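Undergrad: This is what each chain is made of:
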Amino acid sequence: METGILAYGAYIPRRRLARKSIADANAWFTPALRGQAKGERSMCNWDEDAVTMAVEAARDCMTGLDRDRIRTVQLASTSFPFADRLNSGIVAQALNLSPEISSLDVGSSQRAATAGLAAVLQGTGAGGQALFLASEKRRTKAGSTLEMTSGDGAAALLVGAGKVIARLVAAHSRTVDFIDHYRGQGFAYDYVWEERWIRDEGYAKIVPATLAGLFGKCAVEPGSIAHFCMPCTLGKVAVSVAKKAGIPEAAVRDNLHAVCGETGCAHALLMLADALATAKPGERILVVGFGQGCDALLFEATAELRELPPRKGVRGYLARRSEETNYNRFLAFNELITLERGMRAELDKQTALSTLYRKRDMILGLVGGRCGKCGTLQFPKSNVCVNPACNAFHTQSDHAFAEMSGKVNSHTADQLTYSPDPPAICGMVQFDAGGRLMMDFADVDMAEVGVGLPMRMVFRIKDYDSQRGFTRYFWKATPAGAAKEA
Amino acid sequence: MASGIRDKVAILGMGCSKFGERWDKEADDLMVEAFEEAIKDAGIEKNQIQAAWLATAIEEQHVGKSGIPLAQALRLPFIPVTRVENYCASGTEAFRGAVYAVASGACDIALALGVEKLKDTGYGGLPQRSRGALNSMFWANLSAPGSFAQLAGAYVAKHGCNAGDLKQAMAHVSVKSHDNGTRNPKAHLQNKITVDTVMNAPMVAAPLGLYDCCGVSDGSACAIVTTPELAKSLGKSDIISVKALQLAVSNGLEAQHNSWDGSYFATTRIASTRAYAEAGITKPREQIDLIEVHDCFSVTELVTMEDLHISPEGGAIKDVLDGFYDADGGIPCQIDGGLKCFGHPIGASGLRMIYEMYLQLLGRAGPRQRKQPPVFGLTHNLGGFPHQNVCSISIVGRYGA
Chain D
1 METGILAYGA YIPRRRLARK SIADANAWFT PALRGQAKGE RSMCNWDEDA VTMAVEAARD
61 CMTGLDRDRI RTVQLASTSF PFADRLNSGI VAQALNLSPE ISSLDVGSSQ RAATAGLAAV
121 LQGTGAGGQA LFLASEKRRT KAGSTLEMTS GDGAAALLVG AGKVIARLVA AHSRTVDFID
181 HYRGQGFAYD YVWEERWIRD EGYAKIVPAT LAGLFGKCAV EPGSIAHFCM PCTLGKVAVS
241 VAKKAGIPEA AVRDNLHAVC GETGCAHALL MLADALATAK PGERILVVGF GQGCDALLFE
301 ATAELRELPP RKGVRGYLAR RSEETNYNRF LAFNELITLE RGMRAELDKQ TALSTLYRKR
361 DMILGLVGGR CGKCGTLQFP KSNVCVNPAC NAFHTQSDHA FAEMSGKVNS HTADQLTYSP
421 DPPAICGMVQ FDAGGRLMMD FADVDMAEVG VGLPMRMVFR IKDYDSQRGF TRYFWKATPA
481 GAAKEA
Chain A
1 MASGIRDKVA ILGMGCSKFG ERWDKEADDL MVEAFEEAIK DAGIEKNQIQ AAWLATAIEE
61 QHVGKSGIPL AQALRLPFIP VTRVENYCAS GTEAFRGAVY AVASGACDIA LALGVEKLKD
121 TGYGGLPQRS RGALNSMFWA NLSAPGSFAQ LAGAYVAKHG CNAGDLKQAM AHVSVKSHDN
181 GTRNPKAHLQ NKITVDTVMN APMVAAPLGL YDCCGVSDGS ACAIVTTPEL AKSLGKSDII
241 SVKALQLAVS NGLEAQHNSW DGSYFATTRI ASTRAYAEAG ITKPREQIDL IEVHDCFSVT
301 ELVTMEDLHI SPEGGAIKDV LDGFYDADGG IPCQIDGGLK CFGHPIGASG LRMIYEMYLQ
361 LLGRAGPRQR KQPPVFGLTH NLGGFPHQNV CSISIVGRYG A
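If you're matching them up, the sequences are chains D and A in order. Numbering of the first sequence is given in this note's numbering, commencing with residue 1 and proceeding in unit increments. Numbering of the second sequence is given in this note's numbering, commencing with residue 1 and proceeding in unit increments.
Since the hints were made in silico from the structure, they are not lab data. Note that the structure is predicted; figures quoted are calculated from it, not measured. Mixed in with the good hints, there may be bad ones.
Said to hold, decoys possible - Residues from chain A that keep clear of chain D, each with C-beta distances beyond 12 Å, as calculated:
{"#": "1", "residue": "D7"}
{"#": "2", "residue": "G97"}
{"#": "3", "residue": "F324"}
Unchecked claim - With a Cα cut of at most 25 Å, we get these calculated SDA-like pairs of lysine to any residue:
{"#": "4", "chain 1": "D", "residue 1": "K359", "chain 2": "A", "residue 2": "S130"}
{"#": "5", "chain 1": "D", "residue 1": "K407", "chain 2": "A", "residue 2": "N141"}
{"#": "6", "chain 1": "A", "residue 1": "K65", "chain 2": "D", "residue 2": "L347"}
{"#": "7", "chain 1": "A", "residue 1": "K158", "chain 2": "D", "residue 2": "D432"}
{"#": "8", "chain 1": "A", "residue 1": "K65", "chain 2": "D", "residue 2": "A352"}
{"#": "9", "chain 1": "D", "residue 1": "K349", "chain 2": "A", "residue 2": "K186"}
{"#": "10", "chain 1": "D", "residue 1": "K373", "chain 2": "A", "residue 2": "G252"}
{"#": "11", "chain 1": "D", "residue 1": "K359", "chain 2": "A", "residue 2": "N141"}
{"#": "12", "chain 1": "D", "residue 1": "K381", "chain 2": "A", "residue 2": "G384"}
{"#": "13", "chain 1": "D", "residue 1": "K359", "chain 2": "A", "residue 2": "G252"}
{"#": "14", "chain 1": "D", "residue 1": "K407", "chain 2": "A", "residue 2": "K186"}
{"#": "15", "chain 1": "A", "residue 1": "K186", "chain 2": "A", "residue 2": "T282"}
{"#": "16", "chain 1": "D", "residue 1": "K349", "chain 2": "A", "residue 2": "K65"}
{"#": "17", "chain 1": "D", "residue 1": "K243", "chain 2": "D", "residue 2": "E194"}
{"#": "18", "chain 1": "D", "residue 1": "K141", "chain 2": "D", "residue 2": "G235"}
{"#": "19", "chain 1": "D", "residue 1": "K407", "chain 2": "A", "residue 2": "S259"}
{"#": "20", "chain 1": "D", "residue 1": "K38", "chain 2": "D", "residue 2": "L234"}
{"#": "21", "chain 1": "A", "residue 1": "K158", "chain 2": "D", "residue 2": "P454"}
{"#": "22", "chain 1": "D", "residue 1": "K349", "chain 2": "A", "residue 2": "P127"}
{"#": "23", "chain 1": "D", "residue 1": "K373", "chain 2": "A", "residue 2": "P127"}
{"#": "24", "chain 1": "D", "residue 1": "K359", "chain 2": "D", "residue 2": "A402"}
{"#": "25", "chain 1": "A", "residue 1": "K158", "chain 2": "D", "residue 2": "D445"}
{"#": "26", "chain 1": "D", "residue 1": "K407", "chain 2": "A", "residue 2": "G252"}
{"#": "27", "chain 1": "D", "residue 1": "K359", "chain 2": "A", "residue 2": "L253"}
{"#": "28", "chain 1": "D", "residue 1": "K349", "chain 2": "A", "residue 2": "Q61"}
{"#": "29", "chain 1": "D", "residue 1": "K407", "chain 2": "A", "residue 2": "G384"}
{"#": "30", "chain 1": "D", "residue 1": "K381", "chain 2": "A", "residue 2": "S259"}
{"#": "31", "chain 1": "D", "residue 1": "K407", "chain 2": "A", "residue 2": "H159"}
{"#": "32", "chain 1": "D", "residue 1": "K359", "chain 2": "A", "residue 2": "G384"}
{"#": "33", "chain 1": "D", "residue 1": "K349", "chain 2": "A", "residue 2": "S130"}
{"#": "34", "chain 1": "A", "residue 1": "K158", "chain 2": "D", "residue 2": "V449"}
{"#": "35", "chain 1": "A", "residue 1": "K18", "chain 2": "A", "residue 2": "F78"}
{"#": "36", "chain 1": "D", "residue 1": "K359", "chain 2": "A", "residue 2": "N135"}
{"#": "37", "chain 1": "D", "residue 1": "K141", "chain 2": "D", "residue 2": "Q185"}
{"#": "38", "chain 1": "D", "residue 1": "K349", "chain 2": "A", "residue 2": "G124"}
{"#": "39", "chain 1": "D", "residue 1": "K349", "chain 2": "A", "residue 2": "E85"}
All C-beta atoms, glycine included, are put in the ideal place defined by N, C-alpha and C.
Excised from the complex, chain A in its bound form (with noise of 0.2 Å):
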């Protein structure tokens, strides 16, 4: 039996440039701003990096392929540097490669950064693009807010829940999660919205609207890792450690055979479960403290917190509505903002979540920083569609909690 990652794996230094529309950076200046943060955090020199990983998703529209972009714009030492794709999952998939390495280990220190450069499009949105040659033949033509819109409808027609309750309840997601970003001023968006502007917000994809969906920005963000006793050796006296990185893959089941209802994402509640087993997790909702999950979508947030076994099945609209993943409630969900205020450039966004889980878990989280400061904080990240997706769960915490 294996026995996983806990506390294998201590984060040295995390950096996480501001996210938005940085008409005047190119990618590379983005990543600069996310090394220079971590770097000076980990108290470390570059060199002292023995391996790389690289998240980047839309790469066509930005550095494009390979680890080159990034051993470039870091002039590292011909070190490996390898790039991962794995749609929004991208993010914790760098970091999941470079926590490995220390691990298994194959190298001392190792660096996981993402960055996405999705404002040269010319449109908003995520970038138009082709699927693949035999795809494109037969995908629904649908975006992402298409995809997850459905979640909506589905999950009314199984639990038998009124649609304006649920959307009601989506609004306060939103927010939420707009009062949380405006204590932030690394997040894109840092105002302040009411429901009564998500309720009447002009339709993206029936039932979200504008406020539902999370926007689309540039950023990077990037994590130095290493085992907890060069971190100690290094002067590190508060470790954060590893607890759980957990991945699961749809294999066709949700899109191709009927035991799905389309109402909550089977990816999730695998991945989630088997991450709370490697964490040493039994009771979530009392031992998680905090968590960022993947809100591209209110509607995503909402039936989020049912898959990671924290809200019970059919119960997350009361949750949500009775403030529980407020910044002030039981478990804060987005206390940064979430992607609904930091926009998800795809290859960061896992990092910045981990990110925001290291500065609270440090108490370094400045004016949204929790009272207490937690012990465990889990991230999420979701990508495709919810009939075929990706979905990656970390679970961060206090060295030997």
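Same shape as in the complex, but just chain D (with noise of 0.2 Å):
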């Protein structure tokens, strides 16, 4: 059977900062930065990450199909929240894959998500399938041009043996130490050599002598490429890699900068996942990765493209959207300034472990039971039934509720609470297949919650541990109309 894409998913944070809010308060430092001050870019909320994103895109990646056939997920960062625990392995988690399964974090260099995309997409059996993630929230420094550049976003890829969506033609890679920025080992922030070095030593001689690599392995003409997905936020530099190898300009596909960023390592991914959202059965879609060295991947999409069940992706994570013009809380989020958080912010995080882990499929999983001789469901899951007509002991088998519908049943916005951004929105929601959970909500205002309100469950930061580095996952409700923006 043949071994390609079969799915993809996409997600960016609803939040978009302005660009001109980020100029407006550094331009006193940094004048130049006015030239930049068009568009906006994605930024995650305080409780996203580069885990919680990943889970978001793995999950629009694999709507309206079985994860029961996953056999592998990478998932590529350079920004992980866990230097050393798993991270694909939380995602894994929250997916509630069976633990049957190979993870792999992939990580280090920009082009991490293109060199992981190939060696699954060259490594596959026939087998099992491979869900490959690539997801960044980069930190920047206040005032730079990464910061103006930069956006927060993931994009999943599943790959395997089956209804292929797109087939992969050749790839190419090349490794050179080409640094064109770095981020040493406990350092937080990149440091950027200079811009016209970058372009024309850097992408000017490396993408165009990979790309040759590539058209030598295939019979593929350079003119024939549909769809051309190379994130470079220097500009025009797409154009003209593009125009020197003969791929058609018009192919050249948009890289998001205006509505999103560049979305660090994930960005090859989200181009290509956006290409996937519009392209024709029969279309070349090349995708480039660029960092100490260059990966060239060239696919060709095929009739299933059209089968696969719809999405949100790239579009739709993008119009499920919310203006943040107050650049003072991107800095807060990112932890860019000492905030005065109030003593009740001091509270202990500490996480115990050993009931992290008794209760990993609870936490991380959202998984709640059923009982089998009522049918009631429940959460959590527990020794006995909730139901007053039933109260029958060990009877409830795992549901996992991360997928169902529900309701608003009570609400309100905590303003004495510590919350990164208060107020604390939270409520009853009310699962429509059964069952119930007081939970925090995310990604919502006020004015639009009421009861009755349809939500949607998203995995999220529960609570961040600073004295000891420590992410706290759970899941969040959420709004579900905006999801049908899509």
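Could you fit the two chains together into a complex? Lean on the hints.
TA: Right under this line is the structure:
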């Protein structure tokens, strides 16, 4: 059976920071920022990181598909929340995948996602499917060009044998220790060299050489490329590279700079996911990843693309948008300023790892119980059924709540409790199929909340233990209506 | 069939400290302040007390665990002292322990004392504290006002009433309690407020504004109980006895089962029904003379009027606005100023409420004394969240009534 890409998904956070707000705050120091003050960049909410975005992109990718056939989960990022705890393992647990899978975190380069995807595509046997994820929440210094050009986001691709929507025609890589920027171990921010040198000695030489190698491997005319996905924040570079390689200028895809920004190592796959949403069967898609060398992956879309169940994808998540003009909030979310958070923020947030392990299905997978005697759904799963007409002992089996729809039963906006983004909006969510949970709401404006509002579950940061560097995750509720904008 | 507690135990004496920001006092100072009043009122010697119950809820902020803090503060003579904690019902729990001990015949005279010293946190409101290893991983990030505020929207959705009318009635609840507080020298807050002040106050958790919330204070209250026979032999002629003590504790139904709509307290409805049966009360709206309820938030008091089966379901807004629960109304609620004016030193609050009932029943409530001294008084505590809580009800009254 043919192997290739089986499905795609994406996630872009709802908040979009107007670049003008960055420039307005920082142009006193760096006047050149004014020239870049157009459009907006995506920014994680305080409770999002590379792992939570990867989970959302994966859920989008698996819309209407069976998760049981996944045998590998890989996550590419240079902004993993954990330096030593398998980040892809957190994603696998959140997706309630079987433990009988392999997993791998891929990092250390802006090319991590394309290199990882190429390896997965070329190594996948007929055995099972691989879920390849790329997610990035890059930390940038206040007032930097990177702050302007970066965005946060994630992409997901399901790879394997079966109904292939895009087959890999060829892949080629070059490895060159060209240091356009670097981030030393233990350093939070990138150190970047001069743009003109990066453009002329980096992109302009390394990418064409890679493309020459790629086209040398396969009988494909560069002129036949319909979608050229090459992330690059430097002006006109993608166009000039395309021209040099003989790729039609019209094939050069929008790099989403105006509406999203470059989502680090995830961006090549985000552009691929975007291309797959509009590509026609038979069209060729060329994806380039740049960073200490270059990866080039050439795909051909198939007729199966039309059969893929609808998903939100890049455009769906771009449409789920909330403008952020308060640059100070961005600074606070990213710990770029020392905000007075008040004494309530001092509460010790140590996580009992033994408790978390014991309850990992419940906490990371939102797995509750279903009573085998009366059928009542309940969260958390417990020894005794909550239905007063039943109350049976030891009858509950696992029931996953994460993909269930629910409605708001009661709610408030809490100004008293500590929240990194007050007020803390929360309420009782009643699941349509049964069960309920008093839970935090995410990405919500109080004005839109009311009794009966449809909600869906999202995987988010519950708390961050700044004393020990541990991120605690749980599920929150977000208005389901926003998802329908896709 | 159990016969219940009715008229088996008498209150021999009670005491209550001044509530407020007692910056110059430790918890043991407050305990002694309440106890000295009670022991004098009881007319006995300290060493006649044979067992004691201590209520504290957030003990890590002040005295720490165990019964030792009470035993040491009063130098009790190595008698049994038990510390109890059951959220905001803790004070009433201590009372229940002491009353049951006397009723069982295990001892003749017992002490229930509640104390809380909350003003040493460095910030206003209840202390932010861990909810336990697993709960901290999945409980919503909500404060006490954040949880109780949710009653309002659910109540409006259920009864189809106007949210503005509800907010107006909630404001009346707070204004009424502040009026009452001006007549109580032991209250933390003794100032009048206006409906406008309440309506325009900064929002704490929508729709609860600052004046919809009770404060946090330091305080202590206590009761010394014995049998009615012993009370008589000790020279008491006006005997106040315990008519009912009930407790209902959420079993997860409200939080996890979709049969609860979020607009009322399931526990209060059950506990009050049982309490009326225990006290022999069949028509609470006619027979209960005075109530002190857990007005942690104005909306809590309002819906509790229905859960106590005094206002009809959906009828609390009207009763409140009609002044039925005002000091000169049909059944005054919080005639001492309530949690709204006393603040809420958790372990002490339940006993502070019973203290007011005791004074009113004996005609000793000074400027706020009801002209016709009441026969039956009810107190109510509600600890936790609307979706999972502990509710206690006590009914005290004239012995034999």
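Undergrad: Quick one: which hint numbers does this structure break? Sort them smallest to largest.
TA: 9, 14, 15, 23 and 35
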